[in-house]
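Those protein sequence lines, which keep their order, are chains A and B.
The opening residue of the first sequence carries number 1 in the numbering used here; numbering runs sequentially from there.
The opening residue of the second sequence carries number 1 in the numbering used here; numbering runs sequentially from there.
Hints in this document: simulated from the structure, not taken from any laboratory.
For every residue, glycine included, the Cβ atom is placed at its ideal position computed from N, Cα and C.
It cannot be assumed that every hint is accurate.
Claimed, not checked - Distance windows between CB atoms, simulated:
#: 1; chain 1: A; residue 1: Gly273; chain 2: B; residue 2: Asp96; range: 53 to 61 Å
#: 2; chain 1: B; residue 1: Arg16; chain 2: A; residue 2: Tyr170; range: 50 to 58 Å
#: 3; chain 1: A; residue 1: Gly294; chain 2: B; residue 2: Ala17; range: 40 to 48 Å
#: 4; chain 1: B; residue 1: Met1; chain 2: A; residue 2: Gly294; range: 20 to 28 Å
#: 5; chain 1: A; residue 1: Asp164; chain 2: B; residue 2: Ala83; range: 49 to 57 Å
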Amino acid sequence: MAITPVHPWHITHGGRMVNFAGTDLPVQFTSIVKEHQAVRTEVGWFDVSHMGRFSFTGPDCVKWLNQLVTCRLRDLQPGRVRYGLVCKEDGGILDDVLVYNLGGSPAKWAMVVNASNRAKIKAWFLNHNHGFQASLEDQTEVSAMIAVQGPQAIALGNQLFDRDPSNLPYYGSFEANYSGIGVLVSRTGYTGEDGWEVSLPAASALPLVERLDYLKVMACGLGARDTLRLEAAMPLYGHELSDSIDPFQAGLGRSVDLEKDFIGRDALLRRRGHADLPVRVGLSGSAKRAAREGDIILAEGGAEVGRVTSGTMSPTFNHPIAMAYLRPGFAALGQPVAAIVRGREEAFTIVKLPFYKRPGR
Amino acid sequence: MNPKDLKYAKTHEWVRAEGDTLLVGLTRFAVDQLTDVTYIELPKAGAKVKAGEGMGEIESVKAVSDIYAPVSGEVVAVNGALAADASLVSRDPYGDGWLVRVRPDAVGPLDHLMAAEDYSKQTEGQ
């Protein structure tokens, strides 16, 4: 099993460790709810070093990325970040990624991919380079990535870096200096809160984490990361996304630019508006038992219309929430449905996503 | 940390003999493993439970686990406070967070259960 540069800290601070996509990572340090609330009301940090980090250089790197990522990139300015999908020829999703235009001459770009898909996506890019003059370098194992999230995150970043992250637009990035070391900071995250993520050399990760701990930023594990992203309705690969689901089914059509050429475009043109494919919905319950991944959803009248892909008791709202894929005729907002939770039906209502939007957004 | 006057099941329930009934709860180890308990489902008073078989479930933010009956018998009382506030089981697992009171089918020593010392050994290093 792989470890991250922050692993020794997790062990000495009581992290409850699990194998997540091949990396030994903490589920929680104290309590998922406490860590969740810290991010919603103050600030917390996460070790996200397991995420794959690729850098791209060479004159054709934009062409290469454009060919393999669904979102529009030609107008992505230096210092900006965009969310996109990597699809196969039939439109199924291979991964969801963040693409960074780092600017410079020659042009430099970067991409962050899911840990579970890192090898697959690297191979996919190398097998589809069409003779482009560009190269991909996998930085994952020589670097670390820390996410700092919550209402106090931006002010805290200003204390740590020589540049003020409050000057960054949402989904903006800059190179900054952290105690003499060059790092990449972006105003991005996976929690529904404001905040930033920093990529830095592996050797600088432990000093940064010690500093965050000294500044009383709460250490958070994968458990809180999951409940936070679920409330914000951010999809998780392997749950809401897979190679048998297309971006339109997932409600991610805004991240697909059908006017450019890319792998999967022809299939997606056909699949768009196909009224027979299951679609992603939000479910909200009022009882105490949470619907979990795999639970069957019944429409009124008892017909099976889909399955839950992620579900939990929401720490923010204190009622169960879930995401599910439902047959489109049964996916209208406001519809009552039932989830079969360990043999017994629990009532849910189809609601608009996201469940949680931070104040002011 | 596990009270010496209780007997323990390997599935992390404890039993306290009180007159002709047995009080049943979950161990500190179990509730610490779960953390963030959101819901507990227990049998109703009058229900028959069988040693080693499921009698309820305990749900945390992260997952759901079964609760097993440590003895066979009839449930004579259920801790109603847990329905209003399931986290009581985490705050006071050996006291106010008890689960059910059972009238055992057979009176006698609870030899199939462990002493505190043996249970502590089982959970060490987990």
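Comparing the hints with the structure gives:
{"no.": "1", "hint": "A:Gly273 with B:Asp96: 53 to 61 Å", "in the structure": "holds (57 Å)"}
{"no.": "2", "hint": "B:Arg16 with A:Tyr170: 50 to 58 Å", "in the structure": "holds (56 Å)"}
{"no.": "3", "hint": "A:Gly294 with B:Ala17: 40 to 48 Å", "in the structure": "holds (41 Å)"}
{"no.": "4", "hint": "B:Met1 with A:Gly294: 20 to 28 Å", "in the structure": "violated (36 Å)"}
{"no.": "5", "hint": "A:Asp164 with B:Ala83: 49 to 57 Å", "in the structure": "holds (50 Å)"}
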